[in-house]
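The whole structure should be built from the sequences, with the hints applied where relevant.
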Amino acid sequence: AQSVTQLGSHVSVSEGALVLLRCNYSSSVPPYLFWYVQYPNQGLQLLLKYTTGATLVKGINGFEAEFKKSETSFHLTKPSAHMSDAAEYFCAVSEVGNEKLTFGTGTRLTIIP
Amino acid sequence: DAGVIQSPRHEVTEMGQEVTLRCKPISGHNSLFWYRQTMMRGLELLIYFNNNVPIDDSGMPEDRFSAKMPNASFSTLKIQPSEPRDSAVYFCASTIGGSQSNEQFFGPGTRLTVL
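Protein sequence lines correspond, in order, to chains L and A. All residue numbers for the first sequence refer to this note's numbering, where the first residue is 1 and numbers rise by one. All residue numbers for the second sequence refer to this note's numbering, where the first residue is 1 and numbers rise by one.
Among the clues, some could well be false.
Claimed, not checked - Which bits of chain A does chain L cover? Going by a derived footprint, with three or more residues having C-beta under 8 Å, they are:
1. 41 to 47
2. 73 to 81
3. 103 to 110
Claimed, not checked - Chain L stretches covered by chain A per the calculated footprint, using a threshold of three residues with CB under 8 Å from any CB of chain A:
4. 44 to 51
5. 98 to 106
Just so you know, these hints were derived from the structure itself, not from any lab. Every value quoted in this text rests on a predicted model; they were computed, and no experiment measured them. We treat Cβ as the ideally placed atom computed from N, Cα and C, and that holds for glycine.
Written out as structure tokens, the structure reads:
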């Protein structure tokens, strides 16, 4: 069975500082991995995804994530935080042949001016 | 493309009333998912359909909840009778199905309040 663990339900960073949101997964087969962002009172929007190929994935709004099989991790980073990055971020995993996504519990990112 | 469309965006009802939430998936997508989001439980998958057929309804909390997908462009989630603990944001999502990524596209959600 697949599962996702997001370390830290709340993360605060200063504007301009590095953003690092952690995600570890468990999957019995090679996974598909996703990061979604949810702004207040909105649905989830895809930030980036890993399926196959290059393990460093770039997404929208300057975010990127690296798939590390040996560490079963898919951490999300952004070099310089912006106030508009304040939102909730969800990591998710699925498997080839299984359309269901398993979501983590989310990390709320706060940007300090 | 208009994206996934959900209606209503907000619903306030009284305990015991029937509630129907509606979803129109993205044209061409053949898998549809219903989720519920609460502070306590986070994001929960309730049920999903593939080619209008329910594939997995193990997340449906109880018999008060039912979902249908009469055609490829419309789905409903019904709660009868509603209870205060059903208050949540309900999301619909769709995906192409059989794709190489399983990326899901989410609607804006319906915020349900049961008094």
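Here is what the structure says about each hint:
{"no.": "1", "hint": "41 to 47", "in the structure": "holds (count 3)"}
{"no.": "2", "hint": "73 to 81", "in the structure": "violated (count 0)"}
{"no.": "3", "hint": "103 to 110", "in the structure": "holds (count 7)"}
{"no.": "4", "hint": "44 to 51", "in the structure": "holds (count 5)"}
{"no.": "5", "hint": "98 to 106", "in the structure": "holds (count 7)"}
The structure does not agree with numbered hint 2 stated previously, though it agrees with all others.
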